[in-house]
Amino acid sequence: MNKIRKGGWVQIEWTLLEPWERPEHLPPETRKVPLRMRAKGILQEDASPGETARVLSTCGRILSGTLVAENPPFTHSFGPQIPEFIGLGDSLRSLWGNRDE
Amino acid sequence: MNNSYAAVMARKNEIMKKSLLMDFGQFEQGKISFDYEGMMNQYGYTLEEIRKIQRDAHVGDTPLIELHNLTRTARALSPRGKGARIMIKDEAANPSGSFKDRRASVSCHFAQAKGFPGVAAATSGNYGAALASQANIRNLKTIIVQEVFDSLGRGQPEIVEKTRKCEALGAEVIQTSVGPELFYYLLRVLEETGFFNASLYTPLSIAGIETIGYEIAEQCRKLQGGLPAAVVITHAGGGNVTGTARGLRKAGADDVRVIGASVNLEGLHMASDRDFNLKSFTTGHTGFGVPFATWPDRSDVPRNAARPLRYLERYVTVNQGEVFYITEALAVLEGLERGPAGNTALTAAFALAREFDEDQFIVVQETEYTGAGKHHYAQLAFAKENGILVETGDPETEVPGRSIVFPSHPDMIRAREVDLDPLRVSLIRNALKNRSVSPSDLSNADLEFLAREVSRDTPFVEDVLKSL
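So the sequences go chain by chain: A and B. Going by my numbering, the residue at position 79 of the first sequence is 79; the numbering climbs one at a time, nothing skipped. So the mapping is simple: my numbering equals the position in the second sequence, first residue as 1, plus 101.
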């Protein structure tokens with residue numbers, strides 16, 4: 001993996017609570033996995049993805065965790081149109097008939 | 102310092118005092134009662150002062166829009182003489198795109214006035230962006246703790262968008278996997294930074310929403326010459342219902358019916374890693390609406406300022422497919438592209454309009470912005486990826502987490518009545534259980550408190566206590 005230089009804007013990930021540290025009232029499927037955390041910040045030392053790294057957060061806190069990536073993009077989208085909704089406006093207007101608004 | 106889960110949770114009250122400048126203990130009265138109105142007035146802001154704070158921060162005074170074409174459609178499906186006009190308060194016109202700016206505005210004003218360096222909150226909703234936006238105006242820093250992804254690392258698109266928006270507004274965002282322990286992390290953040298605790302459930306937050314109810318009454322009187330028959334409110338944590346209803350009362354609009362509406366997500370557990378990405382709505386749903394109504398103090402502050410059963414006169418549910426359908430109808434009939442979760446109350450209103458007379462009108466009290474991830478197309482695409490059947494048919498057949506059913510005819514859209522009495526019984530039971538009190542321990546003050554909590558008289562409470 002390519003090293004990311006100190007000063008890069010990166011994402012890190014870490015475990016906040018191991019399964020046995022989580023509260024008892026959680027559903028079993030949640031309690032059997034750790035509580036994972038992700039945050040972004042300015043990388044404090046050169047490091048490669050997968051290595052432990054420290055970052056300086058936006059509010060000036062030092063956070064440490066496993067380096068995930070340099071400035072990962074947002075990939076959420078609008079998705080495709082919904083074929084079932086094509087023509088919905090016409091079909092609703094066709095219900096109006098002669099009654100006053 | 103010991104930062105284990107147990108140790109931090111044990112310091113909760115002390116952290117709350119410092120981060121809210123509020124000692125909740127001062128309001129405690131009997132075995133289970135507390136001085137709710139005393140707590141609501143503790144920070145000392147009047148409604149007029151809050152309106153000024155909001156105007157200075159570009160919040161509120163949003164347009165009240167008459168939805169002529171949706172009204173016409175509802176009327177076409179109504180018996181003669183029925184079909185109230187439907188109006189909507191376009192809260193998407195607030196700076197960050199939702200009514201949550203109202204909640205954030207007062208907290209940020211207070212935090213700035215008291216010299217806090219920043220504000221922090223645990224929220225996966227529009228509130229994060231609202232807080233970041235209002236904090237920027239007040240030169241405060243913001244940390245948002247968000248529940249975003251499941252144990253496979255897959256983010257809910259609607260919440261990923263909320264991360265993006267918070268970051269776009271300059272906030273520090275800490276993302277978590279599924280679990281209520283984000284509040285534990287928030288406590289650590291508050292302790293470490295000395296930031297103000299801008300919880301959604303403080304009196305400041307609820308006072309910020311009161312202006313919406315007040316504006317509705319004012320706008321209706323001015324533009325329509327009178328008050329609406331009902332205000333329909335999307336109900337989740339209870340703040341929206343509580344604040345809006347209190348604002349209506351402060352405007353002397355006591356006779357306006359307060360109707361809550363939630364998306365039905367029955368069967369999906371809110372803290373389940375498995376169910377997390379099977380939900381196509383991340384707020385405005387029964388998974389918050391019912392538990393917060395029946396035990397408000399489950400919130401992240403010792404006493405929740407949002408107490409919906411004090412104000413709800415009716416509570417209805419709608420289905421996911423119906424809300425997506427009405428979201429599309431709002432775009433193609435009214436030219437308003439708005440986020441789906443905020444259209445929960447609109448969907449209920451579309452069904453409820455048919456019960457009211459055609460010379461009446463009803464108000465839906467919010468819209469929210471839409472965008473990548475939270476748009477209904479994005480949520481439907483994500484549902485299909487998660488194996489959820491998306492089809493057109495009878496909405497009654499929809500099973501949350503398994504199917505989303507668009508109505509094959511708008512006539513099939515229903516506002517399904519939730520009987521409030523079992524919720525009232527549940528609140529009373531929880532009030533006793535969570536404080537380990539038995540009915541015989543209760544004083545008259547406690548009985549009167551419980552009566553106010555469920556908006557009923559003391560004989561109602563006494564009957565419930567006998568049945569427990």
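The set of hints was computed from the structure by calculation and includes no laboratory data. Even glycine gets a Cβ: it sits at the ideal position worked out from N, Cα and C. Each hint should be verified, as a subset may be incorrect.
Using C-beta positions, here's what the derived DEER-type ranges look like [unchecked claim]: (1) A/Q44 / B/S539: 32 to 40 Å; (2) B/G182 / A/S94: 48 to 56 Å; (3) B/K113 / A/T66: 25 to 33 Å; (4) A/S91 / B/K215: 50 to 58 Å; (5) B/G139 / A/S91: 49 to 57 Å; (6) A/I62 / B/G494: 51 to 59 Å; (7) B/D136 / A/D46: 52 to 60 Å; (8) B/E497 / A/S91: 15 to 23 Å; (9) B/Q325 / A/I62: 31 to 39 Å; (10) A/Q44 / B/N535: 27 to 35 Å; (11) B/H169 / A/Q81: 52 to 60 Å; (12) B/D460 / A/P83: 36 to 44 Å.
For each hint given before, does the structure comply? Return the numbers of the non-compliant ones in rising order. 1, 2, 9, 10 and 11
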